[in-house]
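Can you build the whole structure from these sequences, using the hints too?
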Amino acid sequence: MIKLEPRGERSATMAYLSPVLAALLTMLTGLLLFTLLNVDPVEALITILYVPISDTHGIAELCVKTAPILLCAIGLSVVFKAKIWNIGAEGQLLMGGLFGSYIALQLIEAEGFWVLPIVLIAGILGGMFWSGIAAILKVRFHTNEILTTIMMNYIALNILLWAVHGPLKDPEGFNFPESALFGDSALLPVLIEGTRVHFGMALALFAVVAVWVLMSRSFYGFQIKVMGMDAGAARLSGFKEKRLTYFALLLSGGLAGLAGVGEVTGPIGQLIPQISPGYGYAAIIVAFLGRLHPLGILLASLLMALLYMGGEMAQISLGLPLALTGLFQGMLLFYLLACDVLISFRIRLKPRKVKTSTPLTPLASETRG
Amino acid sequence: MDIDLITNILYAMIRTGTPLLIVALGELVCEKSGVLNLGQEGMMLMGAVVGFIVTLLSGSLLLGFILAMVAGVLMSLIFGLITMELSANQVATGLALTIFGTGLSAFIGSEFVGKPIEGLDPVFIPVLTDLPIIGRMLFGQDLIVYLSFILFGAVYWFINYSRPGLVLKAVGENPHAANAIGLPVFKTRYLAIIFGGAMAGLAGGYLSLAYTPLWAENMSAGRGWIALALVVFASWKAERVLLGAWLFGLASILHLVFQGLGFAVSPNLLAILPYLATVVVLVILSSNQTRSRLVAPMSLGNPFHARG
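Protein sequences appear in the order of chains A and B. Under this note's numbering, the first sequence has 71 at position 71, and the numbering climbs by one with no breaks. Under this note's numbering, the second sequence has 264 at position 264, and the numbering climbs by one with no breaks.
Mixed in with the good hints there might be a few duds.
One-sided excerpt, in silico: chain B residues whose CB lies under 10 Å from chain A [as the list claims (entries may be wrong)]:
1. N89
2. V91
3. T129
4. P132
5. W225
6. S235
7. E239
8. N268
9. V279
10. L285
Take a look, some chain B residues computed to stay more than 12 Å from chain A by CB distance [what the hints assert, rightly or not]:
11. L5
12. F79
13. E111
14. L151
15. L282
16. M298
Just so you know, the hints here were simulated from the structure itself, not pulled from any lab data. Glycine residues also receive a C-beta, built at the ideal position from the N, C-alpha and C atoms.
This is the structure in structure tokens:
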């Protein structure tokens, strides 16, 4: 009989091992799935995990896809540390893309180094605006942020669709739901010549370092962590709970907005309905998988970007549905949650014989927590 | 506005509210036991895709609905195992269930997108259907809508008047006290989770087999999340779930109303209405904190460890 036994304290080793274990279990399930689908499992795994990054072009594309996921996830790591469940990175990303696009289209004829910063700031403000609404609703009206941020994802998507079908549609675009192409001054510069790796990746890496410093070296970061661990203790210490909530939500919204504007001014170059294939949702998985730690999140973002590319590759060369990516994402999160039980519990194959001379009443001894 | 338009709007309101009602009733029972399952959206999508594929291949709507419910139950059991046996965080696990269900349903449904099936037909009840205004609304619907009326009655009676309903509420309010007097906390919560899964599966099946008889990726379009908000809106009372589901049904079809009245508004902007209504309702209801705390099941979202 398998039995879970409390460890008594959290195992740090298991906390780091659990994401690795989850990734392995997801791969094993993948092998099983491919066998069932009559696809050579080893070939499939190579197609998904190795072929996309087997050349420099592939590695460059990996960076392009990593940037938005990383930006969203690093922002989420701050709110999640504060135990604020911002599920709205997707909507904040879309709003960032929309706001940035609006400004970029206003400045379509403008030239000069100042155009791009203004567009990027507009994108950041778009994301902050969207998460700021959720923050106001949470702080002022105590509204559950999970439900509001989810609803605002759907609202943002519909506003984006309205914009590309209406006011921001390219008048010379043959009625396609797309904006005009942005001017060159509004586009993120390419970092590595001959690839699509753009300045967004540098911004993302900068954000990772900045959040790392914020969370591990600053008093603000410390307050956020305390608030997440024990809101009562934070309040007793005189930490301003409301201000911290605003700060965390605005920060994560701003970073998601930057991710969005980075997509429209980077690899896309115009506003289209499909800015994001669910990067904001993938970032939730990345944040958990990376243990809310900047370095872990960087690694998890790379893995998630690879999953996106692998899904596309599997569709092209193996004829598997593109939804494979979403399926693997979901499995990864499930396995992670299941493996996380090993952080506070250890598995015993046989129940240990308890030798107590004064047995407690059975019900009371069984009840805990 | 003429009588025909009102009749049609009322009819569409109930029809659109039905999947919301079914999934919200399931979540209501689940939350009454103290379990918050945010995976409604994922379970609905699995119900929708499984129901659709089964009906397409077998030609039987009944089989489609049954297996849609089975799919929902299986999904809810994953949630149950991870939150109950491994005491994982209910919020994270529910989210995972939605992400997983979205991915899995898109994966197995990819070959079936856009294929047509014969959807569920309305069953007119003689004489009553011809009543003015409310005839079509209450007696000119399909069988699942009638079933949703029965389900509402059953859940209402179960929660308010039955002994097992009392056990359910006791477990949700204080699982430790319930355990101490010998009530089966784990069994109750499992059954509640399974009921929630079956209802979400049925609601999903309704979408792909009756409401719009086809399968499309992500076709539940946030209804699972709206249902979660509905339960809050309803202050965990079955009769208010019914009212709320129908009101949200109305909010979702307001574009018909606007068209009927001759307004030209962007369909994308009108599509925002149900989501916006959800946010507004949540804000109004949760601004009074004391009240929110009193009406919610006390142990909602907290794991229970009874097997040390």
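Query raised in the report: Quick one, is the S235(B) hint okay against chain A at 10 Å, beta carbons?
Result: violated (14 Å)
Query - Interface hint for V91(B), Cβ within 10 Å of any Cβ on chain A - result: holds (6 Å)
**Report entry** Beyond 12 Å from each Cβ of chain A, as asserted for E111(B)
**Finding:** Since the minimum Cβ distance to chain A is about 8 Å, E111(B) lies within 12 Å and the statement is violated.
Report task. Hold the hint about V279(B) up to the distance rule: shortest CB distance to chain A must be less than 10 Å. Result -> Result: holds, 5 Å to nearest chain A Cβ.
Query raised in the report: Was the hint right that N268(B) lines chain A, CB cutoff 10 Å?
Result: With a closest approach of 4 Å, the N268(B) hint holds.
Query raised in the report: Once the shortest beta carbon distance from E239(B) to chain A is found, is it less than 10 Å?
Result: Status violated, d = 22 Å.
Report task. Please confirm whether M298(B) is truly not at the interface, meaning its C-beta sits more than 12 Å away from all C-beta atoms of chain A. Result -> Non-interface label on M298(B) holds, nearest chain A Cβ at 15 Å vs cutoff 12 Å.
Requested in this report: Would you check whether W225(B) satisfies its interface hint, that is, whether its CB is within less than 10 Å of any CB in chain A?
Outcome: Status holds, d = 5 Å.
Query - Exclusion check [L151(B) not at the chain A interface, CB over 12 Å] - result: Holds, since 24 Å exceeds 12 Å.
Requested in this report: Report holds or violated for the interface hint on P132(B), using the least CB-CB distance to chain A and a cut-off of 10 Å.
Outcome: This hint is violated: P132(B) lies away from chain A, its Cβ roughly 36 Å from the closest one there, beyond 10 Å.
Requested in this report: Would you settle whether the hint for N89(B) is holds or violated, based on the nearest Cβ-Cβ distance to chain A being less than 10 Å?
Outcome: Holds, because the Cβ-Cβ distance from N89(B) to chain A comes to roughly 7 Å (cut-off 10 Å).
Query raised in the report: Would the stated hint for T129(B) survive a check requiring a Cβ distance to chain A of less than 10 Å?
Result: For T129(B), the interface hint is violated, since the closest Cβ of chain A sits about 35 Å away, which is over 10 Å.
Hint compliance for this structure: hints 3, 4, 6, 7, 12, 13 and 15 are broken, all remaining hints hold.
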